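With the hints as your guide, set chain C onto chain R.
Chains as they are written, first to last, in the numbering used here: chain R, 1 to 121; chain C, 1 to 171.
Hints are computed from structural coordinates only; laboratory data are not their basis.
Some clues are possibly wrong.
Partial pick of chain R residues on the chain C-facing surface, computed with a CB cut under 8 Å [unchecked claim]:
#: 1; residue: HIS17
#: 2; residue: ASP26
#: 3; residue: ASP28
#: 4; residue: ALA29
#: 5; residue: SER62
#: 6; residue: LEU65
#: 7; residue: GLY66
#: 8; residue: ASN86
#: 9; residue: ASN90
#: 10; residue: ILE94
#: 11; residue: ILE97
#: 12; residue: ILE98
Model, not experiment: these values are computed from the prediction.
Cβ atoms here follow ideal geometry from the backbone N, Cα and C, with glycine treated the same way.
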Amino acid sequence: MDTQIELQISDLDNVPHGKLIKFMGDLDATNVESTLDQVTKLIKEGFVQIVADFRNLRYVNSTGLGILLHFSKTAKEKSGCFKIANVNDNVYEIIEIIGANTLLDIYDNVEEAIASLQSRR
Amino acid sequence: MDSQSKNTSASGAAGAAGYSVNLPSDLEYIPPLRQFVAEIARVEGFSKKFCFRTEIIVDELVTNGILHGSQDVHSSVTLAAKFEDGAMNLSVQDQGGTRQNLENLKRAVYSPKPPSNDKKKGRGLVIVQMLSSEIKIDLGENGQTQVHVVKTKDPDENQPQREKLLYESDL
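Chain R on its own, in the form it takes in the complex (with noise of 0.2 Å):
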């Protein structure tokens, strides 16, 4: 019985590589396994421009956070990103506890992360 979390996985028009993941639900200790899976299947895959939209991400714990910082350092060794957006206030301050604000690539809305993509290249 995992907490429900959902992953729409869509391409990003215009970027090479490129991948949306919508997150949907509670990101936490029963479900990071399959997201693990799910995302790393992608970056394996060569997909390595991933724009993640926590706009109906309700809840992230200490876990959750330990693979967005893995998804990362993972995109990055790949010479590729993973940037995030639509965060709400409780999940951005657990994400400035641990001081994964300076390590992650946060933005206001996905447009903006996605302009962003475009502009590397």
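Relative to chain R, chain C alone:
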């Protein structure tokens, strides 16, 4: 969740605002438990931010109890929560892990620092420290570990106004 077969029980009474839950050492029980405690905080009149922080604290402490304070799947973790005078008193007791688990817990509570960025775990108690007013560890005679946390209302909050429950009368 089968309360009898899974050895899970909850007790509480409106007005006393004290609750105790015993759950098996299984991560699957944490999401409903953390949401239950956050809901009690809401009913007790605490702000949404306080409730969210409560949810995180419960999650991190119980996760630690299950992952590091349980010898096997037959172990259990007990959470007790009490809300009074604008504060939450929380304690999480596990049945005791290894000596190394205990040393790690002490280090994390009394001299917390985040792990290196490439580690996926080890940040939970850093978060609890930052969100709590007080935290301490007690050790039981039989190796049980009890972590106590006090969280007072946030400085920008008014005194919590407790919601009346449906079965409470005005008298």
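Right, here's what the structure says about each hint:
For HIS17(R), the shortest C-beta to C-beta distance to chain C is roughly 23 Å, which exceeds 8 Å, and the interface hint is violated. Hint on ASP26(R) holds. Least Cβ distance to chain C is approximately 7 Å, under the 8 Å limit. Interface hint status for ASP28(R): upheld, as the beta-carbon distance to the closest one in chain C is roughly 6 Å, under 8 Å. With its C-beta approaching chain C no nearer than about 5 Å, ALA29(R) sits inside the 8 Å limit, and its interface hint holds.
The restraint placing SER62(R) at the interface with chain C holds, with a minimum CB-CB distance near 4 Å, inside the 8 Å limit. Taking 8 Å as the C-beta contact cut-off toward chain C, the hint placing LEU65(R) at the interface holds, the least distance being around 6 Å. Of the supplied interface hints, the one on GLY66(R) holds, with its beta-carbon coming within about 4 Å of a beta-carbon of chain C, less than 8 Å. The closest approach between the C-beta of ASN86(R) and any C-beta of chain C is roughly 17 Å, which is over the 8 Å cut-off, so the hint fails.
At a threshold of 8 Å, the smallest CB-CB gap from ASN90(R) to chain C is about 4 Å, leaving the interface hint in force. Checking ILE94(R) against chain C: minimum C-beta separation of about 6 Å stays under 8 Å; hint holds. At its closest, the beta carbon of ILE97(R) sits 5 Å from a beta carbon of chain C; the interface hint therefore holds under the 8 Å criterion. A least Cβ separation of about 5 Å between ILE98(R) and chain C falls short of the 8 Å threshold, and the interface hint therefore holds.
The structure fails to meet hints 1, 8 from the earlier list, while all remaining hints are met.
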